[in-house]
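Per our numbering, the very first residue in the first sequence carries number 1; after that it's consecutive.
Hints may contain errors.
[Claimed, not checked] Below, computed lysine-lysine pairings styled on PhoX-like, alpha-carbon distance capped at 25 Å:
no.	residue 1	residue 2
1	LYS206	LYS425
2	LYS611	LYS124
3	LYS459	LYS424
4	LYS449	LYS425
5	LYS124	LYS311
6	LYS327	LYS283
7	LYS424	LYS447
8	LYS322	LYS71
9	LYS311	LYS125
10	LYS447	LYS459
11	LYS424	LYS449
Hints were generated in silico from the structure; no laboratory data involved. These numbers were taken from a predicted model, which means no experiment stands behind them.
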Amino acid sequence: MPRLDFDQALNAEQLPAVTHGDGPQLILAGAGSGKTRVITYRVAWLVQEHGVDPSRIAAVTFTNKAAGEMKDRIEELLGLYPLPAFVGTFHRFALRLLRAYGPRIDLSRDFVILDGSDQLSLIKKAMQATEMSTDAYRPRAVLSAISSAKNRLLDPAQFAARADDFFSQTVVAPVYRRYQALMRAAGGVDFDDMIMLTVKLLRRDKELKQRIRDRHRYLLVDEFQDTNHAQLMLIHQVSANPEVGGNLTAVGDEDQGIYRWRGAELDNILEFERSFPGATIRKLERNYRSTQNILDASGAVVANNVHRRGKRLWTDAGEGEKLRLYKARDEVDEARWVNNLLQSLAGDHRHSEMAVLVRTNAQTRAFEDRFLRQGVPYQLVGGVRFYERAEIKDLMAYLRFVRNPMDNMSFERIVNRPPRGIGKKTLDGLLAMAAETGQAAWDTLSKDKLVGIPPRGAKALARFREQMTPVIEAAVELPLPTVLDRLLEATAYTEQFDEHDDEGQMRLENIDEFRSGVQEFAESHGYGSTEEDLLTAFLDHVSLASDTDSLKKRPGVTLTTFHSAKGLEFPVVIVAGLEENVLPHFNAQELPENLEEERRLLYVGMTRAEKRLILTTCSRRRIAGNYQDQEPSRFLLEIPNRLLDIETSPELFAPQRPSWNRPSPRSGGMPTEGMPSWSLPSAPTASKPVSGSDAVNSFFGRQPAKEASLPFEDPAPSLTVVPVNEPTPAARRIKRGTRVRHASLGAGRILNIEGSGEDMRLIVYFDSKGRKKLLAKYAQLEIL
DNA sequence: TCTCAATAACTTTTT
DNA sequence: GTTATTGAGA
1 MPRLDFDQAL
11 NAEQLPAVTH
21 GDGPQLILAG
31 AGSGKTRVIT
41 YRVAWLVQEH
51 GVDPSRIAAV
61 TFTNKAAGEM
71 KDRIEELLGL
81 YPLPAFVGTF
91 HRFALRLLRA
101 YGPRIDLSRD
111 FVILDGSDQL
121 SLIKKAMQAT
131 EMSTDAYRPR
141 AVLSAISSAK
151 NRLLDPAQFA
161 ARADDFFSQT
171 VVAPVYRRYQ
181 ALMRAAGGVD
191 FDDMIMLTVK
201 LLRRDKELKQ
211 RIRDRHRYLL
221 VDEFQDTNHA
231 QLMLIHQVSA
241 NPEVGGNLTA
251 VGDEDQGIYR
261 WRGAELDNIL
271 EFERSFPGAT
281 IRKLERNYRS
291 TQNILDASGA
301 VVANNVHRRG
311 KRLWTDAGEG
321 EKLRLYKARD
331 EVDEARWVNN
341 LLQSLAGDHR
351 HSEMAVLVRT
361 NAQTRAFEDR
371 FLRQGVPYQL
381 VGGVRFYERA
391 EIKDLMAYLR
401 FVRNPMDNMS
411 FERIVNRPPR
421 GIGKKTLDGL
431 LAMAAETGQA
441 AWDTLSKDKL
451 VGIPPRGAKA
461 LARFREQMTP
471 VIEAAVELPL
481 PTVLDRLLEA
491 TAYTEQFDEH
501 DDEGQMRLEN
511 IDEFRSGVQE
521 FAESHGYGST
531 EEDLLTAFLD
541 HVSLASDTDS
551 LKKRPGVTLT
561 TFHSAKGLEF
571 PVVIVAGLEE
581 NVLPHFNAQE
591 LPENLEEERR
601 LLYVGMTRAE
611 KRLILTTCSR
621 RRIAGNYQDQ
631 EPSRFLLEIP
641 NRLLDIETSP
651 ELFAPQRPSW
661 NRPSPRSGGM
671 PTEGMPSWSL
681 PSAPTASKPV
691 SGSDAVNSFF
701 GRQPAKEASL
711 PFEDPAPSLT
721 VVPVNEPTPA
731 ARRIKRGTRV
741 RHASLGAGRI
751 LNIEGSGEDM
761 RLIVYFDSKG
771 RKKLLAKYAQ
781 LEIL
């Protein structure tokens, strides 16, 4: 293949980083400065110019998606050369070692990886077992304390020895100990364990460590600012020559560190030279992504941080447009304005070239509603993940169980799913028996005579045993997709769902999707591995997968959080919800370190933009159902005025509400004759739709919401549903059989009405979407 | 033991 | 607005 022309392909900052010889270097790569390019070209340079065998190179990142991209681009550059020994995430790197050498630190070879919800339920169990009230202490807080202990490589004993406050000493320490015991007994390992155990393994096994170091003489680490202490130690273990810091190339940007809450230590990058003496530090400040205005604005914001080395990005792309700032009345107004803006930009940009970025997932709802209603194609990244759905987790647990029947956690999950008459009593009895003999539940069930279990339960258990035994045997030799099918057959798993029921249909679809995922995986990974290994590989694959990884370029506006937007870029970016308590987030106000992280979050969001950057802020917002007055984010003040074009919502100047909807003093805010609770606008022009809860608020005499005329509202009149105890003329029209229309679900017929007042629920059969249950208060139905 | 309805609690970000 | 948990009744 032709040699690469490195001088040609790289700029003056990139070239020395790529052609750096031996010894540690840190590359401080600003946003959009071509950092992936530097990493991939460095791999190519090492191989082609420095004579390094690719099998001695490893590249590590945080996300599967970044790793995948890196792999593709390295492959492209290297052509016929073999690929590096490893390109992947920290966790996959650790997993590979643990699967191979776990037994050297007494770890079962076929351990199970716990996901977040597994962890949480295990924490609850551990808290119960240690008689810790789950009301007094939030399991989530305990879990995050344990996680941070693991990130600092503290085992339960070390943690207990250092615990110096009440919570750590009396709550976290005992729960941590019990949590580990329960997890190991069940053959489980959590995400944090994976790193911690790998460090332990390498520290303990000197011979293995030397082999690993030989195999990874050149190590490249991306997103270095997001490494935690455990990961830094792992890097040290793997680096070839610790006395000189090894041939480590670390790439990162301290201004984009947004995982402090997960244990990331910015000091790893800020004090790199202390960790790796003699390191060369380089900066990449030339930006290829954004206009100078975008760089100046984002740079001005992040300049307020103290914890940074500091750099100044520049481009020769020109100033570009000013940033726009829209001051919205509330999140509905915000979404409407953004929607209109996107429509008006649709001439210049495809939908897929635009993104709306928010701080919290909850903020996406208002945008989703609006986009759905206006038919704007969009793509929501994040939220509920496929693999977290109950039916998928069930099937995963089944697969884990048939691979390793001693996996008690999976056993407990599936033993009565679908319901087979194995209730709490029966299960407790079995588990008690198992605990006595120190066996797994399945062992007890298949070998021992069941005692102390009610006959009905014993019978159900026996039936379960008969169902599972052939499948467990099949798992060793039959192809993975066949095993799954046998499983579904033997358990009659799908029969618990009704395909005519909306929810049931969705679950069945998910199961189908899971089946084809299994099929696909088997086809692409099947060569040369045993069926058992394939099953293990599949389970690992799913455990380490996240939704962002499979993010395909689909046509549509991207709607996502700052966190999952990292590494992406768009010609048009809208950064929404720039308010105090949103960004910076409510929970991040006290510590200056947290505040700086919030600022970095905004910086990451702003620097995603190539050509146009739009900011929005609301003067009030509904949070957990209640309206709250919002202050503009303090970070807005950090953007130089000369870079901003400000536009204010007309709704902020016209707070008049239609008189018929204003609580009248005479009626004390209660409804009177002629004040429709089911407000049906007589004509589209007179349409004054009011959001359900506002109407509810005024109805119940609460603080009236400042609802104004909605100039951008779609022409279709919408109906506000207000729950009432006394049916008003309009409310009487809502009964079984009434035809209604929903903004996104279309037309349908009311099947039934449940409850009354604020909690009135309507069962509606929609022509195209089937049965849905709606809360009348929020549904905004239109009577047909 | 299972099903359904009422209630409470929750919302920061995720490998 | 959703989702996890609890409680009552079949």
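Against the structure, the hints come out as follows:
With a C-alpha separation of about 49 Å, the suggested pair LYS206 and LYS425 falls outside the 25 Å cut-off, and the hint is violated. Only pairs whose Cα atoms come within 25 Å are accepted, and LYS611 paired with LYS124 is rejected, the gap being roughly 48 Å. A threshold of 25 Å between alpha carbons decides the hint, and for LYS459 with LYS424 the separation of about 15 Å falls inside it, so the pair holds. For the proposed pair LYS449 and LYS425, the alpha carbon gap of about 17 Å is at most 25 Å, so the pair holds.
A threshold of 25 Å between alpha carbons decides the hint, and for LYS124 with LYS311 the separation of about 46 Å lies outside it, so the pair is violated. With a C-alpha separation of about 37 Å, the suggested pair LYS327 and LYS283 falls outside the 25 Å cut-off, and the hint is violated. For the hint linking LYS424 to LYS447, the alpha-carbon distance of about 21 Å falls within 25 Å, and the restraint holds. Our distance criterion of 25 Å between C-alpha atoms is broken by LYS322 and LYS71, whose separation comes to about 37 Å.
The suggested pairing of LYS311 with LYS125 is violated, with an alpha-carbon distance near 48 Å, which exceeds 25 Å. The straight-line distance between the Cα atoms of LYS447 and LYS459 is roughly 15 Å, inside the 25 Å bound, and the hint therefore holds. Using a Cα cut-off of 25 Å, the hinted pair LYS424 and LYS449 holds, with the two alpha carbons roughly 19 Å apart.
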